[in-house]
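J.: Modelling step: build the complete structure from the supplied sequences, incorporating the hints.
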Amino acid sequence: MMRMTAFSKPNKLVVAVSIACWFPDSLYAADLKFIPSVSATGYVYETKTGDDPSTGTEAVSVSPKLVSYFTGKRANGSLVIENTTVEQSSSEPNTDKSFTELSYSSGMSLIENVLSLSLAGSQNYRVIDTSQSYISDKVLSSGDLSKVSSHNAQLSFVTPNPHYIGLAVQSGYSKTKSNETLGSLTNLNSEGYTASAQIYQGRRLQSLSFLLSSQFSDTKRESTSDLTSTLTSANIGFKFTDDYSLILTATDRKYDIDENSITTANRQNLDTTSYGAGVRWQPSDDRFIDITYNNLDEGDNNSRYVGLNTQWAFSKRTFLGLTYDKNFYGDAYDMDFAYKLKSFKTKASYSESVTSYSRLSIVEGVSSLFVCPIGSTEFAECFQPTSIDYVLQAGEEFRSLNSFTTDITDETLFRKSGQISFGYNKRRLSASLNLNYNRTEYLESAREQDSRVATLNLAYELGRRNDISLTTSYSTLDYSDSDRQNDVLNIRASFTRALSRDMKLTVAARYVDRETEDESRDITDSRLTVSVNYQF
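First residue of the sequence shown? That's 7 in the working numbering, and the numbers climb one at a time after it.
Simulated from the structure, these hints should not be mistaken for laboratory data.
Everything numeric in this text was worked out from a predicted model, so none of it was measured.
One or more hints might be untrue.
[Stated by the list, open to error] Below are the DSBU-like pairs computed for lysine-lysine, each with C-alpha atoms no more than 30 Å apart in a straight line:
{"no.": "1", "residue 1": "Lys226", "residue 2": "Lys260"}
{"no.": "2", "residue 1": "Lys332", "residue 2": "Lys245"}
{"no.": "3", "residue 1": "Lys79", "residue 2": "Lys39"}
{"no.": "4", "residue 1": "Lys226", "residue 2": "Lys153"}
{"no.": "5", "residue 1": "Lys422", "residue 2": "Lys226"}
{"no.": "6", "residue 1": "Lys260", "residue 2": "Lys322"}
{"no.": "7", "residue 1": "Lys183", "residue 2": "Lys245"}
{"no.": "8", "residue 1": "Lys103", "residue 2": "Lys183"}
{"no.": "9", "residue 1": "Lys153", "residue 2": "Lys181"}
{"no.": "10", "residue 1": "Lys432", "residue 2": "Lys510"}
{"no.": "11", "residue 1": "Lys144", "residue 2": "Lys103"}
{"no.": "12", "residue 1": "Lys260", "residue 2": "Lys183"}
{"no.": "13", "residue 1": "Lys103", "residue 2": "Lys71"}
{"no.": "14", "residue 1": "Lys71", "residue 2": "Lys348"}
{"no.": "15", "residue 1": "Lys226", "residue 2": "Lys181"}
{"no.": "16", "residue 1": "Lys183", "residue 2": "Lys144"}
{"no.": "17", "residue 1": "Lys144", "residue 2": "Lys71"}
{"no.": "18", "residue 1": "Lys183", "residue 2": "Lys322"}
{"no.": "19", "residue 1": "Lys39", "residue 2": "Lys245"}
{"no.": "20", "residue 1": "Lys39", "residue 2": "Lys153"}
{"no.": "21", "residue 1": "Lys54", "residue 2": "Lys153"}
{"no.": "22", "residue 1": "Lys181", "residue 2": "Lys144"}
{"no.": "23", "residue 1": "Lys153", "residue 2": "Lys103"}
{"no.": "24", "residue 1": "Lys144", "residue 2": "Lys54"}
{"no.": "25", "residue 1": "Lys353", "residue 2": "Lys332"}
{"no.": "26", "residue 1": "Lys153", "residue 2": "Lys183"}
{"no.": "27", "residue 1": "Lys245", "residue 2": "Lys181"}
[Said to hold, decoys possible] Simulated DEER-style distance windows between Cβ atoms:
{"no.": "28", "residue 1": "Phe343", "residue 2": "Thr236", "range": "22 to 32 Å"}
{"no.": "29", "residue 1": "Gln491", "residue 2": "Asp303", "range": "35 to 45 Å"}
{"no.": "30", "residue 1": "Asp493", "residue 2": "Pro379", "range": "29 to 39 Å"}
{"no.": "31", "residue 1": "Asp292", "residue 2": "Ser359", "range": "24 to 34 Å"}
{"no.": "32", "residue 1": "Ala499", "residue 2": "Asn193", "range": "32 to 42 Å"}
{"no.": "33", "residue 1": "Thr324", "residue 2": "Thr236", "range": "30 to 40 Å"}
{"no.": "34", "residue 1": "Ser526", "residue 2": "Thr236", "range": "42 to 52 Å"}
{"no.": "35", "residue 1": "Leu161", "residue 2": "Ser97", "range": "44 to 54 Å"}
Glycine included, each C-beta is placed from N, C-alpha and C at the ideal position.
T.: So, in structure tokens, the structure goes:
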């Protein structure tokens, strides 16, 4: 029987998203669907930890699930709720548990092309310690998981098709909570407030271009001082030929952080101010290169450098965006690349930021190259669009690659993140390869983590009723402050058969192997599962 823990204390934002999705535009409804389903899964698995003898365990889980989505003339939204109850034959304590997870999103146009409101949130279970990634789940070592809930709302205003001056304003609120955090008896409980504004030239200004922007973020934290950041920038261009402009640029970054809490010696001062001048070459609207000579002020230090900013569409299928700058940590890079063919696509990105776990948890993240049904967890159910600019249809979503690897903590983070994805989809075969790299510096505790993950997904349709899939990942996690290391190999193969229009059977095998610097932390787990899913 499905437990109603998700509704025992109604969340205000869940109520709000329901109102936002269904009430105002119900008269213009284009698509409203409820898709209930239930899955029953049996597990047989064997686990070996360190030198201890292997232990065999059986388990069973029941997972009722509801997927609903709405698409109207001026509003859309989705809501996914799933409860998983696990019963095991293990003699270990607290192995029988129930998990309720949900996710929702909604967008509403309050004034068409001018004012919009978006709501999004989730409740799920994540590992507290990053070293347990790809090991712990609802069946194996579920005690390493913590319930994390994140909710955010954003109001956006933009002047439509401005003639001379355009204005874009956004304001947002977010809240993130977790039951446990790493190395602390207190829970993570933070609130975030954001506000941003942009002023830019209208379409009738031909010889002058400008972009003035400011972004303010304030994250209130219970266990430590608040994290407040302000980023202000200006870019002004004066055209002196059809393709060339003189540009002036300036950027000011302020981080209101208690410097006494930052224990890393070379990170005491995070504030910087830079300004400079240069030349822009822009042969077309979708191609430009800025080269500037800049001055950087960082406390008592002053330096000069050459900066680069370009956005270049080589063709309708190939795009590159690249920025080189200076920041408090030295050279600063930001990059986006995309290459799209009918059957093969690739995209890559790299970014650097001062952030926190609560800020990361509400960021949508980089989306994959595949479109999936809302609430789907199986790669075999996804497809890669053939068009370059695919528009999502009702009940679809781009699968997010936002699997950030950081401990659940209230600390301030300095993070470098890069990823590259390859996707192939033709006839019966779908394949994706994702490579991720993250370097996370925990400023208050002077810790550093390097995470590298490679994930391969393959799915092949054997026929109208049968398909097979393979998912394999290899991850490494290194710590600069200790000899700890974490190498995890995870392989899962499955066969799915549609027994009828509403019922399907899945048989899967999984193998996990973790090698560490300490033999007592090594673990091997082999699992066989049989699952039946029925959609009402």
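J.: If a hint holds in the structure, say so; if it doesn't, say that too.
T.: Structure-based check of all given hints:
1. About 16 Å separates the Cα atoms of Lys226 and Lys260, which keeps this hinted pair within 30 Å; it holds.
2. For the proposed pair Lys332 and Lys245, the alpha carbon gap of about 26 Å is at most 30 Å, so the pair holds.
3. The suggested pairing of Lys79 with Lys39 holds, with an alpha-carbon distance near 16 Å, which does not exceed 30 Å.
4. For the hint linking Lys226 to Lys153, the alpha-carbon distance of about 20 Å falls within 30 Å, and the restraint holds.
5. A C-alpha spacing of about 23 Å is found between Lys422 and Lys226, which places the hinted pair at or below 30 Å, so the restraint holds.
6. Proposed proximity of Lys260 and Lys322 is contradicted: the alpha carbons are some 38 Å apart, above 30 Å.
7. At roughly 50 Å between alpha-carbon atoms, Lys183 and Lys245 are farther apart than 30 Å, so this suggested pair is violated.
8. The suggested pairing of Lys103 with Lys183 holds, with an alpha-carbon distance near 20 Å, which does not exceed 30 Å.
9. Pair hint Lys153 plus Lys181 holds up; C-alpha atoms about 14 Å apart against a cutoff of 30 Å.
10. Taken as a hint, the Lys432 and Lys510 pair is honoured in the structure, with Cα atoms around 24 Å apart against an allowance of 30 Å.
11. As the CA atoms of Lys144 and Lys103 are separated by approximately 8 Å, the hinted pair is consistent with the 30 Å bound.
12. Distance check on the hinted pair: Lys260 and Lys183 sit about 26 Å apart at the alpha-carbon level, within 30 Å; holds.
13. Note on Lys103 and Lys71: the hinted pairing holds, with a Cα-Cα distance of about 17 Å set against a maximum of 30 Å.
14. Straight-line distance between C-alpha atoms of Lys71 and Lys348 comes to about 34 Å, which puts the hinted pair past the 30 Å bound.
15. The straight-line distance between the Cα atoms of Lys226 and Lys181 is roughly 10 Å, inside the 30 Å bound, and the hint therefore holds.
16. A distance of roughly 20 Å separates the Cα atoms of Lys183 and Lys144; the hinted pair therefore holds under the 30 Å criterion.
17. Restraint check for Lys144 and Lys71: the C-alpha separation of about 16 Å stays at or below 30 Å, so the hint holds.
18. With a CA separation close to 43 Å, the supplied pair Lys183 and Lys322 exceeds the 30 Å bound.
19. Distance hint between Lys39 and Lys245 is unfulfilled; the C-alpha atoms sit about 53 Å from each other, more than 30 Å.
20. With a C-alpha separation of about 28 Å, the suggested pair Lys39 and Lys153 falls inside the 30 Å cut-off, and the hint holds.
21. Our distance criterion of 30 Å between C-alpha atoms is met by Lys54 and Lys153, whose separation comes to about 26 Å.
22. A hinted pair counts as satisfied when its Cα atoms are at most 30 Å apart, and Lys181 with Lys144 qualifies at roughly 25 Å.
23. Under the criterion of a C-alpha separation no larger than 30 Å, the hint pairing Lys153 with Lys103 is consistent with the structure, at around 13 Å.
24. Between the alpha carbons of Lys144 and Lys54 the distance comes to roughly 18 Å, so the proposed pair stays at or under 30 Å and holds.
25. For the hint pairing Lys353 with Lys332, the CA-to-CA distance comes to about 25 Å; that is within 30 Å, so the pair holds.
26. Restraint check for Lys153 and Lys183: satisfied, since their Cα atoms lie roughly 8 Å apart, inside the 30 Å limit.
27. Annotation: proposed proximity of Lys245 to Lys181 is violated, straight-line Cα distance about 45 Å (limit 30 Å).
28. Taking the beta carbon of each, Phe343 and Thr236 are about 30 Å apart, inside 22 to 32 Å as hinted.
29. Judged by the Cβ atoms, the range 35 to 45 Å given for Gln491 and Asp303 holds: they are separated by roughly 39 Å.
30. Between Asp493 and Pro379, the C-beta spacing of about 34 Å keeps the proposed range 29 to 39 Å intact.
31. Range check, Asp292 to Ser359: about 26 Å between beta-carbon atoms, so the 24 to 34 Å window is met.
32. Between Ala499 and Asn193 the CB atoms are about 38 Å apart, so this pair conforms to the stated range of 32 to 42 Å.
33. For Thr324 and Thr236, the Cβ-Cβ distance of about 36 Å falls inside the hinted range of 30 to 40 Å, so the restraint holds.
34. Judged by the Cβ atoms, the range 42 to 52 Å given for Ser526 and Thr236 holds: they are separated by roughly 47 Å.
35. Range check, Leu161 to Ser97: about 53 Å between beta-carbon atoms, so the 44 to 54 Å window is met.
Violated hints, listed in ascending order, are 6, 7, 14, 18, 19, 27; each of the other numbered hints is respected by the structure.
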